[in-house]
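Undergrad: Per the working numbering, the sequence shown runs over residues 13 to 335.
Careful, some of the hints might be misleading.
What the hints assert, rightly or not - Straight line, CA to CA, 25 Å or less: simulated SDA-like cross-link-like pairs of lysine to any residue:
id	residue 1	residue 2
1	Lys224	Gln158
2	Lys207	Glu218
3	Lys97	Phe77
It should be emphasised that the hints constitute simulated quantities derived from the structure, not laboratory data.
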Amino acid sequence: MKFCKTYEEYMQNLERELPGVGFKNLKKILKKCRLDLESHNSHENVDSIASNCPNQCPVCDGTFFPSLLKEMSDVVGCFNKRAQKLLELHLATGFKKYYVWCKSKQHHISLIREGRDLVTYALINAIAVRKILKKYDKVHYSKQGQAFKSRAQSMHVEILQSPWLCELMAFHINLRDKKAKTIKGSYFFDGCFLKFTDGKPSLTCELFDSVKVDIDLTCSICLDTVFDPVALNCGHIFCYMCACNAASVTIVDGLQAASLKEKCALCRELGVYVGALHLEELNILLSRRCHEYWEERLQSERQERVKQAKEHWETQCRAFMGV
Numbered sequence: 013m014k015f016c017k018t019y020e021e022y023m024q025n026l027e028r029e030l031p032g033v034g035f036k037n038l039k040k041i042l043k044k045c046r047l048d049l050e051s052h053n054s055h056e057n058v059d060s061i062a063s064n065c066p067n068q069c070p071v072c073d074g075t076f077f078p079s080l081l082k083e084m085s086d087v088v089g090c091f092n093k094r095a096q097k098l099l100e101l102h103l104a105t106g107f108k109k110y111y112v113w114c115k116s117k118q119h120h121i122s123l124i125r126e127g128r129d130l131v132t133y134a135l136i137n138a139i140a141v142r143k144i145l146k147k148y149d150k151v152h153y154s155k156q157g158q159a160f161k162s163r164a165q166s167m168h169v170e171i172l173q174s175p176w177l178c179e180l181m182a183f184h185i186n187l188r189d190k191k192a193k194t195i196k197g198s199y200f201f202d203g204c205f206l207k208f209t210d211g212k213p214s215l216t217c218e219l220f221d222s223v224k225v226d227i228d229l230t231c232s233i234c235l236d237t238v239f240d241p242v243a244l245n246c247g248h249i250f251c252y253m254c255a256c257n258a259a260s261v262t263i264v265d266g267l268q269a270a271s272l273k274e275k276c277a278l279c280r281e282l283g284v285y286v287g288a289l290h291l292e293e294l295n296i297l298l299s300r301r302c303h304e305y306w307e308e309r310l311q312s313e314r315q316e317r318v319k320q321a322k323e324h325w326e327t328q329c330r331a332f333m334g335v
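Construct the entire structure; sequences and hints are all you get.
TA: Here you go:
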């Protein structure tokens with residue numbers, strides 16, 4: 013079965029209507045583009061077709077890419093919103109946990125299923141985008157599709173870049189470890205796991221043969237396993253303290269106090285600290301799987317946190333007293 017048909021059936025069989033990639037419509041645009049080009053250049057070679065395309069192709073003048081960009085933005089927005097809501101239910105504690113669970117009427121099995129469906133939704137849409145861009149380049153004898161993919165990543169509409177995908181993968185592994193013996197049946201991803209290569213951890217998901225998500229969990233600043241991890245707006249993951257140091261803020265002030273002029277330590281993108289996301293599910297997973305390392309980092313960072321807190325309050329007191 014061709015992927016286009018598989019994708020259409022998947023989107024139609026969803027329990028609720030969700031935004032997706034207009035794969036069928038985009039293929040129709042490309043088909044019309046190919047026919048127009050072949051008709052106009054019937055007596056010309058491939059190089060001539062490629063050179064004439066930008067001036068005569070209705071796809072290249074802004075029909076194809078704006079449509080795809082909007083669809084990608086809608087997909088990642090929907091995915092992030094639903095993932096956030098799901099994980100808030102799972103991580104709720106105390107009275108809040110009682111309230112949200114009673115209000116939502118959900119239980120662990122339904123949470124697991126919804127998390128699985130969300131990851132499936134993310135990956136199959138990522139495949140759809142990749143295939144339609146590959147088709148675009150094939151029709152136009154160009155590399156504009158790959159260039160568009162790079163632009164989409166810089167605009168944060170590439171769904172595989174979403175930090176919520178990392179959180180959902182950690183969420184599944186956490187529940188698998190905790191509930192596997194008490195839940196009958198298989199509600200987990202066989203290919204979603206935390207692996208260690210030469211002592212360096214990474215999250216891997218192999219739900220589809222054609223797409224593999226591999227998220228490195230080594231902080232690029234301290235070059236160790238991320239501790240108390242945060243994901244910046246650009247998608248890169250760092251230790252919270254390392255991110256604060258890179259953003260020139262104290263732990264007390266937090267990343268929200270970072271200047272928009274501060275750059276990501278890895279990709280050098282500006283203004284990525286203010287909307288940083290604390291990866292709580294990943295934090296739980298690593299604290300369980302790397303227990304000894306976690307305790308050592310906890311002790312060492314606790315001293316630094318106390319030191320920074322003390323310096324902060326001393327500065328506030330001096331400012332209040334006018335010293």
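Undergrad: Next step is simple, just say for each hint if it's right about the structure.
TA: Outcome of the hint check:
{"no.": "1", "hint": "Lys224 with Gln158", "verdict": "18 Å, holds"}
{"no.": "2", "hint": "Lys207 with Glu218", "verdict": "13 Å, holds"}
{"no.": "3", "hint": "Lys97 with Phe77", "verdict": "30 Å, violated"}
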